[in-house]
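Chemist: With chain A held as given, fit chains B and C onto it using these hints.
Protein chains in written order, with our numbering: chain A, 1 to 385; chain B, 1001 to 1333; chain C, 2001 to 2438.
Hints in this document: simulated from the structure, not taken from any laboratory. Don't take each hint at face value.
[As the list claims (entries may be wrong)] DSSO-like mimics (lysine-lysine), calculated; alpha carbons at most 27 Å apart, straight line:
| # | chain 1 | residue 1 | chain 2 | residue 2 |
| --- | --- | --- | --- | --- |
| 1 | C | K2050 | B | K1309 |
| 2 | B | K1309 | C | K2089 |
| 3 | C | K2103 | C | K2152 |
| 4 | A | K52 | B | K1309 |
| 5 | C | K2089 | B | K1313 |
| 6 | A | K345 | A | K180 |
| 7 | B | K1313 | A | K52 |
| 8 | B | K1069 | B | K1139 |
| 9 | B | K1139 | A | K52 |
| 10 | A | K69 | A | K180 |
| 11 | C | K2089 | C | K2103 |
| 12 | C | K2039 | C | K2050 |
| 13 | A | K69 | A | K345 |
| 14 | B | K1313 | C | K2019 |
| 15 | C | K2019 | A | K227 |
| 16 | A | K227 | A | K306 |
| 17 | A | K227 | A | K251 |
| 18 | B | K1080 | B | K1069 |
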Amino acid sequence: MAVAPGVRDASEVAEEISSGRLVTEEMLLNVGPQHPATHGVFRLLATIDGEKLVDAEPVIGYMHRGYEKLVEQRDYRQITNLVSRMDWLSNIQNELPLAMAVESLMEIEVPPRAQYLRVIMCELNRILNHLMFFASFGAELGAITPTFYAFREREDIQMAMEAATGGRMHFGFFRPGGLKEDVPRGFIAQALKGVRQVIDRLPDYENLLLGNEIFKQRTIGVGVLEKEVAYSYGVSGPIARGSGIDFDVRKDEPYLVYDQFDFQVSTAPNGDCFDRFWVLVHEVVESAKIVEQAFEGLPSGPVMGKVPRVVQAPVGEIYVRSENSLGELGMYLISDGDRRPYRLKIRTPSYNNVSALGHVLRDTFVSDMIAILGSFFFVLGDIDR
Amino acid sequence: MPEIALTAWQILLVKVLVILTIVPVGALAGGYAEHKVMAHLQHRLGPMYPGGFHGWATTLADGLKFLYKEDIVPDAADRKVFSLAPAAIFVPVLMIYLVIPIDRNLIVEDLDVGIFYLLAVGSISTIGVLMAGWSSANKYALIGALRSAAQLIAYELPIVLSAAVVAMYAGSLSVIDIVEKQNFPFAIWPPGIGLIAFLVFTTGAVAEMTRVPFDMPVAESEIITGPFTEYTGMRYIFSHMFAEMGHMVAFAGIGVTLFLGGYKPIIPWSPLEVVPGVIWFGLKFALMIFLFLWIRPTFPRVREDQLQKFAWKFLIPVSLVLVLAMGAWVLYV
Amino acid sequence: MAVDERKLSDARKLSDARKSGFGLGLLKGMAVTLKHLFKHNTVIQYPDEKQDLPPRTRGVIALKEENCTVCMLCARECPDWCIYIDSHKETLPPKRAGGRPRKRNVLDRFAIDYSLCMYCGICVEVCPYDALFWSREFEYSEYDIRQLTHEKERLADWMTTVLPPPELEQGADLPGQPAAAAASATVEATGARPANLTSSAVEARPEQAATAPREGSFTTEPARPASSLPPQEQKRETSPEDAQPAPGLDTEVKAAQGLPGATTQPEPEVTLGAGRAAESVTQPADTAQVGSDATSAPEGQPPQKTPSVAAEPAVTAAEPVSQAGLRNLGGQAPVARPSTEPAGVAEDPEAAYRRVLQEQASRGSSPQVAEARAKVARVKAERGMARTATPAPATAPVQSAPQATPTEPEPSGAPEAQGPAPEPGPVAPTADEDRTDG
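Chain A on its own, in the form it takes in the complex (with noise of 0.2 Å):
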């Protein structure tokens, strides 16, 4: 620790201090690729000022595992199980897009029964994923308790899906055409059971977090994302929500059976922590409100549509879009009538969120970096996929 050369004297920095001509030193701080409030491989460039985040830059890429190129080796069942693997917390609504881009490219019809129980399907995982956040974002900010309660929620829904397509993080469970087969005996039982659990308990989330007044003390006015600046990242899903922009794609673009059921698009106006995390609670809350109703409108029949059996999609190309937990999730796909897709493209809603994140991030403290991370929900597999 040897002493600077240009040593100042003590009067001396007092007087530049106080005439506001104090020169600091910027230091250059990696956060990440290893750090506990990125989860994942995420990296920060930050450039701080003491507690001050002058600058930061989002690096990704460190999770980069070639989606895009594996599928066109693989076909369709195969990618089916590849492309839940991208988002690992909302998986089956992953599965989700590809399956429809192959059906209308085949012009395959989907039953109602699968088309409702695959509703039901991504909307218990938009739970399961919009909990793990809650748990996540609380952990963050110092709160650990959400993290178990949320857990303990999630295991009874996590059971009814586990009971359904025999996996608990990666179901494989959507198929062009429909389901694998059909859920077995109990798994409405079971996921009733835990969406109600989740919406009885859901007043401890809010004692514990929203109400807490550190927790808003640490969250209002933080990290905010203007309206416009959202539009022009193309930032979508609970984020985008949280800044006021009313978009759904349940809701805009109805795509399943989702204009039968009637739910809300929870929006806040002023885009910091506390708003999005606000829209993130509520959407639990419709979400619990479509599954309700799916369930009491669930026809009966099969739940595969009239599908050869090997799989090819014609020539052709299409883009299809579907609300994942975190965003609009879309998937452009040619097809050169292969068993295999020509060409996917998969357009993710983490990375087009993450790359809001320099702009939101400047001119913030440490502490407030780590609250918008939480806030920001990215699932780092979503990013690079």
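Modeler: What follows is chains B and C alone, placed relative to chain A:
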């Protein structure tokens, strides 16, 4: 007289041994309590296996595990300072225990300037934390150390002032005198003043221990245990775990002594006097510990600037007002 | 609708939520954690107690070696190419004197590298001969990544842990089912639906109970060929000298021996006989819970709870039912029902097909199995094969695979079944179960 001199040394030896056993044992027990209480607050079980019965030996096993870990000193670190820092953090914690009276006659050393000593010794660890953070040659550690120093200074004041309120009430600095002067626990009697002083003290204590919600210096989700990022094995245990736990136990003891009437019954009623003071102390002590453990998992952490604002703009003015009020109480009531 | 809007109304207003509560929020938070301190714990202490995983759980892939025909479909379809298969051709002497010698693939090696496997289940799905199954077993970690490549012996061991596929949720459709049959299978279920489809299994049950007698009544019983057929098939097919069976038949075999829940009709009676069906959600017993208190199943009973319990009685009692048609209602003494099946009576193939399908539908077998069984019935009817009341194999349906010994009827049935009966670990406590600790 050589014999007397020898006895004095023996007494000293015993005292040192007592302290040296109490602190680690207290820290281990505190660690276990933290595991279990926190687990149940979070609706889980916590450790269940080590030792057989509800995992009572968890912290012991943890300690052993840390013993076996490699002691790593980063290349760029200032080796001497780096290795001294844990001692600089931990020894002051030991010294706090000197003046906590568990019963009327059960105190290691009844100093005349008890409170003074407590507060003075309690803030020495700050230097150790700074040493650790600076010598680690790690940016996260540096940020943590600076945060820690700023925070410990900011929250030392409310503690000192609230303790001063008690000293004014008792008219003495000796902890035994203070306990004896409290007819009711201080937190109950001078109405209002006592309770607020107790809350101020508790808040300050939590901040001094750098626990949630005031754990910015070690925030593991941001700066990865701050000053202790580079520490491993036993050094980590001593500088972070033992220091935090030791502080917690010590502050609980101080809180009980100053505000909850120490070893005296909860209300001055003669039948209650039958119960030995140690038990009363233990009960109140457990209550304090539980309060600390309860706060921890419940709250998110406060941001650094908010933390400073809270100390300087709220806690310290409040405690100054308390001093004034106490002065008025002592003079006119 | 359980989503209580009022409960959430406070937080619904964003402007209110953003206001400071002056420390009240802190106290509320502390109340929440304190409340949980006194709640019963729901944690499962894993190595001591195990969670009862659903039958579909993708834990590990088990191999039923004698069903494998080395068609390599699984290895080809595997997205990670983690299945290794070696085989050689073998020439077998002709079956009859003067016949041609037959060729046959013999499996030398079947290994799955679980360090590569992504647990997608495509291999299980594509296997045309039902040689691969998912097992709930998941404790097979190793210290070395190379040891995660498990050979066929190990994979075959896991067959003992395979559970029957679960019964399907109400309203599920079965493939190839004639419209009328589909209606009969689903109408009762859907009829109740509009009213209140919150329909947990319990709420739906009254109607079900009402229909059950019809489905499971004695009149349909005799017309059930499958109970007697599989054994024959099985005996023939499991003998190694035999020619490769037609796929349809083979699936039938699997249905018979591999998938007790789906296939063996004895099951409903069995579960009844065992008197444990009341809790069963996944078991076909549901539909057949005739006289027994059908409504007693607790709501929200996780479906995975039962198989471990119910599979066992199913196995033990498989014998008497298929043989003598015993039926035990709600714990009454078994009533012997003479086998009304006239041996060797030919039937119209299509009728047989439809009847079996319908029957399977009412049992809630999985669609594939139902179809397979129906096909088999049709083929048999076509060939005019006799449906004698042959005793069913005494082996436990699933577990039998490795030590498949189609043996003498009843007596050995029970003990045999006990042996390989799946040992799925202790039944897990559910969330409501009383789990405190100090």
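Chemist: Would you mind marking each hint as holding or not holding in the structure?
Modeler: Each hint tested on the structure:
no.: 1; hint: C:K2050 - B:K1309; in the structure: violated (50 Å)
no.: 2; hint: B:K1309 - C:K2089; in the structure: violated (83 Å)
no.: 3; hint: C:K2103 - C:K2152; in the structure: holds (22 Å)
no.: 4; hint: A:K52 - B:K1309; in the structure: holds (16 Å)
no.: 5; hint: C:K2089 - B:K1313; in the structure: violated (87 Å)
no.: 6; hint: A:K345 - A:K180; in the structure: holds (24 Å)
no.: 7; hint: B:K1313 - A:K52; in the structure: holds (21 Å)
no.: 8; hint: B:K1069 - B:K1139; in the structure: holds (24 Å)
no.: 9; hint: B:K1139 - A:K52; in the structure: holds (14 Å)
no.: 10; hint: A:K69 - A:K180; in the structure: holds (25 Å)
no.: 11; hint: C:K2089 - C:K2103; in the structure: holds (7 Å)
no.: 12; hint: C:K2039 - C:K2050; in the structure: holds (22 Å)
no.: 13; hint: A:K69 - A:K345; in the structure: holds (9 Å)
no.: 14; hint: B:K1313 - C:K2019; in the structure: holds (21 Å)
no.: 15; hint: C:K2019 - A:K227; in the structure: holds (22 Å)
no.: 16; hint: A:K227 - A:K306; in the structure: violated (44 Å)
no.: 17; hint: A:K227 - A:K251; in the structure: holds (19 Å)
no.: 18; hint: B:K1080 - B:K1069; in the structure: holds (20 Å)
In terms of the numbered hints stated before, the structure departs from hints 1, 2, 5, 16, listed from lowest to highest.
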